[in-house]
Amino acid sequence: MSVLTLRLAGPLQSWGSSSRFTRRATETMPTKSGIIGLLAAAQGRRRSDEIEDLLHLELAVRTEQQGVLLRDFHTAHHLVKGTSMPLTDRFYWSDAVFTAHIGGPRPVLEGLGEALRDPAYPLYLGRRSCVPEGRMVLAIEDHPVAESVRSLGWQAGHSARRKARRHKQGSVRLVVQADQSVYDDGDTMVEAAPTRELNDVPLSFDPERRLYRSRLVVETIVTVPTGVEVDAVDAPAAHDPMAVLGGAS
Amino acid sequence: MTTYVEIHALQNLPPSNVNRDDSGTPKTATYGGVTRSRVSSQSWKKAIREDFNRDLDPKEVGTRSRQLVAEIAKVIGTERPDLEDHAETLAVSAMEAAGFKKPVPQKRGKAQVGTPETGYLVFMSQRQIEALARAAIEASAETDPLRAMRLAKVKDLVDADHSIDIALFGRMVADSTDLNVDAACQVSHALSVHEAVPEYDFYTAVDDAKSRDTEVEDSGAGMMGTVGFVSSTLYRYAAVNVDQLRVNLGHEDAVAKAIGAFLSSFIKAMPTGKQNSFASATRPTAVLVTVASGQPTNLVGAFEEPVRAKGGYMRPAVAALAKHAEEAFEAWRTPDLALAQGLRSEIEPLADVAEPVSLDDLITRTVAKALESV
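Which chain is which? The protein sequence lines are A and Z, in order. Using numbering that gives the first Met the number 0, the letters of the first sequence correspond one by one to residues 0 to 248. Using numbering that gives the first Met the number 0, the letters of the second sequence correspond one by one to residues 0 to 373.
Derived from the structure by calculation, the hints contain no laboratory data. Where a beta carbon is used, it is the ideal one built from N, C-alpha and C, also for glycine. Be aware that a few hints might be false.
Residues from chain Z that face chain A, not an exhaustive set, calculated with beta carbons under 8 Å [to be verified]:
#1 Asp20
#2 Gln125
#3 Glu129
#4 Ser187
#5 Tyr199
#6 Thr203
#7 Thr225
#8 Gly300
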């Protein structure tokens, strides 16, 4: 089992899973349908092509930097008649950075990495106008996804790092949302009870027959070092409730 | 290797409100921890699309013929060989339903021979021919295909835009998803390279009749209000997937015209929001165009750290863009062609990564390079 890590960053991104009609919301983190769509587009699959093999990949996403929720008031007019279409509100995360940890056999991941570096269709982060910025493919490592979300360095942008320096934060707590199977190999460090159900597993992107099914995800928090030097004096005094009984063993 | 033509632009906007939200305030976004002014992708894409359609003569990119019945019948016969015998009749009905006078077989002497023709030259794009054929196939099961096609508003299929416009900008039809076309271009939201916070202009409007009336002693305004505005130096980005355009359009000179017109419209077009109040139609000061096989590279990361004014925002912005482009090309892939265009003194920093050229050369050379790829 290997892991392909991707950095999903850009001024705007939006990951929808359950919106209806004129209010297009975004989930807090990238969805499986969004990531699979990205991979399929890179490989040159048309919307009506099969994507079943991509569904075998494991996925975990980590929030490096949540950003700010943005509501875009979006109007549209019929190109010929000029009549107004219903007014819409579309939500985006602005200034967000996420990482996706995709688990599967190494040859498959290497092919995906190559495709992402040379995509057949343009890549976007949830919506077509959300062009990704900077480096997307980070690495392919030979360890499980659960290990990847713990060990990957913090990928936040300059302003978040400056804030960490200012607040003398030696580490940050980042949210991770993963397929249940990511924690199924008897990892005792994490409670593998699912915390949410998302309707974002794409069975078909065919415009005439779009189909999704739901999956259960496990949400956890991992602590990742920021790289900021913190003196012992500055560190907040740890509260040890066992001290009165002679310290924790 | 897929070929992408990318265009990056740095453009100054004076106090203006070209794109506002439902509260009338110029749109914004957060990036690099600070508020930036924003012009939405859809707003600028519409302006580009309208300029594009004005520039491009639709007649340059379709079939002009009297024999469209034969063309439509051919498509019907290929898609549904079982309907081949009725293909011609269905095609005639399709043309009638589309609003043309019923095509009749061409007369030669006393005998009526050949396929029906329209009495005059009709212009239609390949997409429209195929769309009519598909509509005819769908209606073929009905007892009265002509009536069925009229009810299905087949007329709208030929009323709409020509194929280059759709191939580049896409089409979405909720009722008939088979008419959907994925756009070959991708336009990102334009963001200011610096922190920009909208301001408000307090205005009063004089009531002319009241102020002329010497008897009424009321010097108050007729109306008061505020209008939001912001001034910014925007970074804009768009990419065109040349291979997809080729697949959508079918022939090389349509692709050439599409790319050329898109570049020209991207540079010239401006959204029309509050133009009468602010007259903010400007052109980009600096444009960078690349043609690369694979790896589209959005350079907005150059401005994640907001630019601080140093003799204005434009100069440090061009320098930041040039530096970021150089490092991005080095890190990932050097494009096959990189050209810079704009105000001569302002685009100097870009000379490190791109060749400064005139606007005409920018377009001709980019199109030529894009078409070189197989």
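So, going through the hints one by one against the coordinates:
Because the smallest distance between the Cβ of Asp20 (chain Z) and any Cβ of chain A comes to about 4 Å, under 8 Å, the interface hint for this residue holds. Violation of the interface hint for Gln125 (chain Z) is found here, the shortest Cβ-Cβ separation to chain A being roughly 19 Å, above the 8 Å cut-off. Interface restraint check: Glu129 (chain Z) against chain A, minimum CB-CB distance 16 Å, threshold 8 Å, status violated. At about 4 Å, the closest approach between the beta carbon of Ser187 (chain Z) and any beta carbon in chain A falls short of 8 Å, and the interface hint on this residue holds.
For the restraint placing Tyr199 (chain Z) at the interface with chain A, the shortest Cβ-Cβ distance is roughly 18 Å, beyond the 8 Å limit, so the hint is violated. This hint is violated: Thr203 (chain Z) has a C-beta 27 Å from the nearest C-beta of chain A, more than the 8 Å allowed. Annotation: interface hint on Thr225 (chain Z) violated; nearest CB of chain A at approximately 18 Å, more than 8 Å. Residue-level restraint check for Gly300 (chain Z) holds (minimum Cβ-Cβ distance to chain A is 5 Å; threshold 8 Å).
In summary, the numbered hints that this structure violates are 2, 3, 5, 6 and 7.
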